[in-house]
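Please build the complete structure, drawing on both the sequences and the hints.
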Amino acid sequence: MNHTRATTADETRPMELGKLVLLCLAAWALPGAGHLWQRQTSKGLVFLAVLPLMFGLGLLMDGTLFGLTASAQSLLTTGAAIAERGMGLPWLLAALFGAGAGDVVSPTYEYGWVFMVVAGLLNCLVILDARDIALGRK
Amino acid sequence: MRSHFAMMFLFAVMVSTVFAVLQKDSAREQIRLGLMMASAFVGFGLVVGWMMLAFPLW
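Protein chains in written order, with this note's numbering: chain A, 1 to 138; chain B, 1 to 58.
No lab work stands behind these hints, which were simulated from the structure alone.
Don't take every hint at face value.
[To be verified] Listing some non-contacts, in silico: residues in chain A with all C-beta distances to chain B over 12 Å:
1) Leu-20
2) Leu-25
3) Ala-29
4) Gly-58
5) Gln-73
6) Ala-81
7) Ile-82
8) Gly-100
9) Leu-135
[Unchecked claim] With a straight-line cut-off of 27 Å between C-alpha atoms, the simulated DSSO-like cross-links for lysine-lysine are:
10) A/Lys-19 <-> B/Lys-24
11) A/Lys-19 <-> A/Lys-138
12) B/Lys-24 <-> A/Lys-138
Here the structure is a predicted model, which means the values were calculated and not measured.
For every residue, glycine included, the Cβ atom is placed at its ideal position computed from N, Cα and C.
In structure tokens:
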């Protein structure tokens, strides 16, 4: 498989599959890392600032970290749980430190989990963008 | 923070920022698209909010 990465307008160099996977993993773990890796500093910094902030605000608004274990949960809840995991390290830290218990009677609960789910989904788009840049498609 | 409008505004600004930075390369284009998208988010939210007055919860 021939992967190429555009660095400048007239320079392309091959990117191995292993490196591409590593780039995507880094982009998942730390929002914006995929862009920073490819020297798209301003874009990477914007993602690094906005996405964890959005996820953190969701936590502060009493949003919940949806679990994947219970078989009784609905398909939508499962989708939300997967979307939140798109956030990478911030999600992992929140889960490790027991944050995101969620307070369903809080007036901001719905806003909270929507912020968290959307932050995860946006990070998935950011990962795909970093991958496209690495493959020279953008 | 308990203001629905403030939360909607924050949401609109952050989502618009990410989309604008993803889709455009120059700072000028990013700001333009981001402002347009955030305005559309907020405007549409307000319109839908007012429309929902016609369907009260009871």
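Status of each hint after checking the structure:
no.: 1; hint: Leu-20; verdict: holds, 19 Å
no.: 2; hint: Leu-25; verdict: holds, 20 Å
no.: 3; hint: Ala-29; verdict: holds, 18 Å
no.: 4; hint: Gly-58; verdict: violated, 10 Å
no.: 5; hint: Gln-73; verdict: holds, 25 Å
no.: 6; hint: Ala-81; verdict: holds, 20 Å
no.: 7; hint: Ile-82; verdict: holds, 19 Å
no.: 8; hint: Gly-100; verdict: holds, 17 Å
no.: 9; hint: Leu-135; verdict: holds, 16 Å
no.: 10; hint: A/Lys-19 <-> B/Lys-24; verdict: holds, 26 Å
no.: 11; hint: A/Lys-19 <-> A/Lys-138; verdict: holds, 18 Å
no.: 12; hint: B/Lys-24 <-> A/Lys-138; verdict: holds, 11 Å
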